[in-house]
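Asker: Sequence:
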Amino acid sequence: MQSPLNIPSRHCIFAATFPLPAGNAASAGQPPIIAEPFTILFADRSRHQESQIWIYNSLIKAYADETFDSLAPEQQLILRVHALSAIQFLKSTEVPEAPGWPFHPNLRFACIHPFIYVPLTDLAKERDALPYTTSWNLWLASTKNTDHPGLDLNTNKVRTIDTNQTEALPEGFIFARVRESDLDTVISTSTIPRQKSTLLQLPNIAILKSPSPSTLASVTDSVLPDSQLELAAWAYIGIDGSLATLYVQPPYRNRGFAKSVARELMIRLGNGDFQDLGFDGQGGWVHADVKVGNKGSEAVMKSVGARVVWTTLYCWINLEKF
19 MQSPLNIPSR HCIFAATFPL PAGNAASAGQ PPIIAEPFTI LFADRSRHQE SQIWIYNSLI
79 KAYADETFDS LAPEQQLILR VHALSAIQFL KSTEVPEAPG WPFHPNLRFA CIHPFIYVPL
139 TDLAKERDAL PYTTSWNLWL ASTKNTDHPG LDLNTNKVRT IDTNQTEALP EGFIFARVRE
199 SDLDTVISTS TIPRQKSTLL QLPNIAILKS PSPSTLASVT DSVLPDSQLE LAAWAYIGID
259 GSLATLYVQP PYRNRGFAKS VARELMIRLG NGDFQDLGFD GQGGWVHADV KVGNKGSEAV
319 MKSVGARVVW TTLYCWINLE KF
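All letters in the sequence shown, in the order written, are residues 19 to 340 by my numbering.
Please note: incorrect hints may appear among the correct ones.
To be verified - Here are the computed distance ranges between Cβ atoms for each label pair:
id	residue 1	residue 2	range
1	TRP328	GLY296	24 to 30 Å
2	PRO269	ILE58	42 to 48 Å
3	ASP202	SER76	25 to 31 Å
4	GLU68	LYS320	25 to 31 Å
Note that these hints are calculated values from the structure, not bench results.
Every residue gets a Cβ at the ideal spot worked out from N, C-alpha and C, and that includes glycine.
All chains, please: the whole structure from these sequences, using the hints.
Answerer: This is the structure:
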């Protein structure tokens, strides 16, 4: 199934394992009954050097407190079969109309749950087809909690999680969307490959600085005097709903801007302020992949009420070995 997210510079595909049981309810005019466990994947290999593939299996929710090794043997086998089917599907599905076709043989999987990455990487290791892996802690935060620390919409101030008192941005600073003219700066400061066409589609927020507070009087998100406002910090919501590309320019560090911009972005996302980008804010959750020991990022996630829920894996799998 092709994705409605497709644009001239993108070609996305959804796929799923949906074996339907006998006597499906759809024959009686009722919604179909989906047999479990099932696997769903989203793939956009036209992203080239970016993350391309995300996978979910229904066992993740049903057995949230289990490890892969504690699953029943038949469940482990199903996950292995589904992982192999996903790889074979991606190898056999040709999309010559997609930008950059034929694609590089490496599949770039992102944010994989242990139930998926154990069988997936086992299959790859058996074929010497795993050139890259990296693990992260997945932090999960709600955008719908009414007690969530964030923006006081009446005063444009940031509430702190510890005291619940307002803390204004310093004079001369405002929140606004990242301007297209700033994208080269955003891309140059990230160690993770990004494309402008991707960033233009994603919810984002920036902290901008004006040399004169009077400049801010007529500023809106859609009309910004580029020559007078300096980019101080920014954050994005990734295509998978993650808090990503959060960065503070060196001259503006140690002012709490990382926490402020993350909070503001989550508040606006939860309020549905990015519907023009196709994000209605109804998902209710944001996650972030944080390296263990990254104290700065961990502090930011704690400031928005996030908690670690599991370990995720990013990996590349070489299709030529399958």
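Asker: Could you tell me which of the numbered hints above are not met by this structure, giving the numbers in increasing order?
Answerer: Violated: hint 3 alone.
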